[in-house]
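Which chain is which? The protein sequence lines are A and B, in order. The opening residue of the first sequence carries number 1 in the UniProt record's numbering; numbering runs sequentially from there. The opening residue of the second sequence carries number 1 in the UniProt record's numbering; numbering runs sequentially from there.
Simulated from the structure, these hints should not be mistaken for laboratory data. Please note: incorrect hints may appear among the correct ones.
Covered stretches of chain A, as calculated for chain B (at least 3 residues, CB under 8 Å) [said to hold, decoys possible]: (1) 39 to 52; (2) 120 to 130; (3) 189 to 196; (4) 235 to 247; (5) 263 to 271.
Using N, Cα and C, we set each Cβ at its ideal position, and we do this for glycine too.
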Amino acid sequence: MTAQSKAETAIRVHRAGPLALLQDRGRFGVRHLGVTQGGPADLYSWAWANYLAGNPWGTASLEITFGGLQLIAERDLDIAIAGADLGATLDEQPVPLWQRVTWKEGQKLIFASPVSGLRAYLSVRGGFAAEPVMGSVACVSREQLGGFDGWGSKLAEGDRLAIHTPEGKTAEGMTEAPGHARKDFREAPVLELLPGAQIGEFTGRSLYDAFNTWWRVDDRADRMGVRLLGPKLQCRIGSLISEGINLGGVQVPADGQPIALLNDRQTIGGYPRLGALSPLSASRLAQCLPGQEVKFVARGSGQVLRDYRAFLELFRLRRS
Amino acid sequence: MTGSPANALPRLESAGLDGWMVRLFEQIDEANLPWITALARHCESAFADALVDLVPSYTTLLVVFDPVRLSPAEARQTIAGLLADLKPDEDLGTGQVHELPTFYDPSVGPDLGRVAEHTGMTVEQVIDCHSSKTYRVFALGFAPGFAFMGLIDPRLECPRLDTPRKKVPVGSVAIAARQTAAYPTATPGGWNLLGRTSARLFDREREGFSLLRVGDEVRFVSVSREEFERQGGDATPMEAAG
Numbered sequence: 001m002t003a004q005s006k007a008e009t010a011i012r013v014h015r016a017g018p019l020a021l022l023q024d025r026g027r028f029g030v031r032h033l034g035v036t037q038g039g040p041a042d043l044y045s046w047a048w049a050n051y052l053a054g055n056p057w058g059t060a061s062l063e064i065t066f067g068g069l070q071l072i073a074e075r076d077l078d079i080a081i082a083g084a085d086l087g088a089t090l091d092e093q094p095v096p097l098w099q100r101v102t103w104k105e106g107q108k109l110i111f112a113s114p115v116s117g118l119r120a121y122l123s124v125r126g127g128f129a130a131e132p133v134m135g136s137v138a139c140v141s142r143e144q145l146g147g148f149d150g151w152g153s154k155l156a157e158g159d160r161l162a163i164h165t166p167e168g169k170t171a172e173g174m175t176e177a178p179g180h181a182r183k184d185f186r187e188a189p190v191l192e193l194l195p196g197a198q199i200g201e202f203t204g205r206s207l208y209d210a211f212n213t214w215w216r217v218d219d220r221a222d223r224m225g226v227r228l229l230g231p232k233l234q235c236r237i238g239s240l241i242s243e244g245i246n247l248g249g250v251q252v253p254a255d256g257q258p259i260a261l262l263n264d265r266q267t268i269g270g271y272p273r274l275g276a277l278s279p280l281s282a283s284r285l286a287q288c289l290p291g292q293e294v295k296f297v298a299r300g301s302g303q304v305l306r307d308y309r310a311f312l313e314l315f316r317l318r319r320s
Numbered sequence: 001m002t003g004s005p006a007n008a009l010p011r012l013e014s015a016g017l018d019g020w021m022v023r024l025f026e027q028i029d030e031a032n033l034p035w036i037t038a039l040a041r042h043c044e045s046a047f048a049d050a051l052v053d054l055v056p057s058y059t060t061l062l063v064v065f066d067p068v069r070l071s072p073a074e075a076r077q078t079i080a081g082l083l084a085d086l087k088p089d090e091d092l093g094t095g096q097v098h099e100l101p102t103f104y105d106p107s108v109g110p111d112l113g114r115v116a117e118h119t120g121m122t123v124e125q126v127i128d129c130h131s132s133k134t135y136r137v138f139a140l141g142f143a144p145g146f147a148f149m150g151l152i153d154p155r156l157e158c159p160r161l162d163t164p165r166k167k168v169p170v171g172s173v174a175i176a177a178r179q180t181a182a183y184p185t186a187t188p189g190g191w192n193l194l195g196r197t198s199a200r201l202f203d204r205e206r207e208g209f210s211l212l213r214v215g216d217e218v219r220f221v222s223v224s225r226e227e228f229e230r231q232g233g234d235a236t237p238m239e240a241a242g
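Whole structure, please, built from the sequences with the hints as guidance.
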């Protein structure tokens with residue numbers, strides 16, 4: 001809990017579910033120490049959830065993967081849920097997504113199972129409160145960093161979660177995302193890939209395959225990376241001397257099956273890469289369930305940069 | 001492209017919308033490090049608030065910047081300017097030589113026998129060989145504070161385990177190929193374990209968090225079980241430590 005803001009427990013965990021992680025923007029300035037960045041796997045939906053809940057950019061939200069989570073409010077709360085449709089209900093009534101709603105004291109909020117997408121973001125006005133570790137509350141269990149206890153622990157039944165007391169009586173700003181901003185994650189996405197230095201080392205056939213295949217998301221997919229199944233890609237370089245890997249890097253190990261690296265990836269690695277997904281395409285991939293199909297399209301940085309800046313500028317204007 | 005001017009070093013390679021990979025060298029060499037640490041330092045001042053992260057490694061520096069403040073072209077231009085005047089650092093890393101007290105013993109270094117057999121040395125010779133050299137930190141990665149160091153004596157070269165261990169205890173000192181490392185936290189690992197250090201390699205409460213930084217010098221100092229425990233080491237044998 002920060003010194004500037006009061007925080008009080010306001011939510012009780014009734015059932016913890018498989019994976020619900022506290023995520024602020026992530027842990028930065030420490031990657032040279034081998035510390036991964038963490039943060040929301042779907043930055044896009046996380047940003048919307050916070051914005052609609054009346055929170056400034058960077059506020060900590062709960063990233064709920066797959067569902068199975070049940071929470072009870074201990075006082076009235078303004079919330080917004082964006083991202084995956086996990087069949088969320090408030091006292092058995094469906095909760096509208098991508099808009100601000102009131103969660104009344106005593107009501108049970110249930111995230112059931114995926115209808116569309118994989119990860120939902122629950123933002124509470126004021127933001128979840130936890131002690132930052134190395135500048136962030138982002139929960140990375142593998143590194144034992146962040147989360148509500150600071151040690152990357154998973155939620156447990158009976159946990160009581162603290163919320164910063166928001167300023168002012170009511171939340172301000174937009175209460176509903178426009179229709180075009182709401183994503184239906186059931187559609188097979190085309191992911192923008194900025195080609196990297198080793199792209200010329202893949203065989204012509206493999207380059208054709210890379211951009212003309214509907215790749216299937218493997219069940220080996222988590223916050224470190226998403227493995228894709230399809231034709232075997234061949235690269236003239238087997239491995240590199242380990243080097244830093246950026247978010248969205250698409251590496252191809254010896255088995256020829258690409259892995260797109262997400263927020264909790266290791267900081268360095270030595271497989272040749274096709275390139276890196278745009279940040280918003282990495283977000284989109286994070287919503288794909290195993291078995292879903294994705295395609296890559298090669299892009300230069302121009303339009304991708306304009307799109308990403310437009311996205312960030314909408315949300316980053318509101319600062320605490 | 002080999003041999004063409006486009007392939008000359010150093011070169012800048014796209015690492016996505018908000019990153020440039022600066023490739024300075026082709027091969028692993030301790031002499032690379034003063035150039036990489038110097039470039040990292042210059043990037044810190046040149047990018048200032050627009051810098052997000054710097055990831056130095058054996059032959060490269062990954063520069064991650066804020067794409068709202070800088071376009072990839074602008075970031076590239078800044079880095080190219082720094083490269084034009086680059087001079088190697090004289091003081092590397094934190095400029096210190098770290099001495100890591102290490103208890104070399106089969107109870108905490110269960111691969112001493114395997115390494116001895118593979119290299120044709122005795123266990124004592126393996127220990128002498130590993131502890132007689134000063135190493136450089138080439139990169140941090142794999143886990144917070146995990147430092148890849150080298151190069152170890154070529155006679156000690158030994159491949160990784162075929163099957164990684166599910167849990168390597170904190171402080172384990174290990175080798176693989178021409179490199180050595182110490183595990184800052186209990187993680188899975190496939191390196192050959194020679195012993196255990198009592199040094200606290202990663203501490204979230206400490207300024208700077210990691211004991212070791214890229215460019216630092218490191219010596220492993222052989223100590224007795226008593227000295228290891230006196231310095232706070234946990235000598236629980238591998239089997240018991242799981």
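Tell me the numbers of any earlier hints that the structure contravenes, in ascending order. 1 and 2
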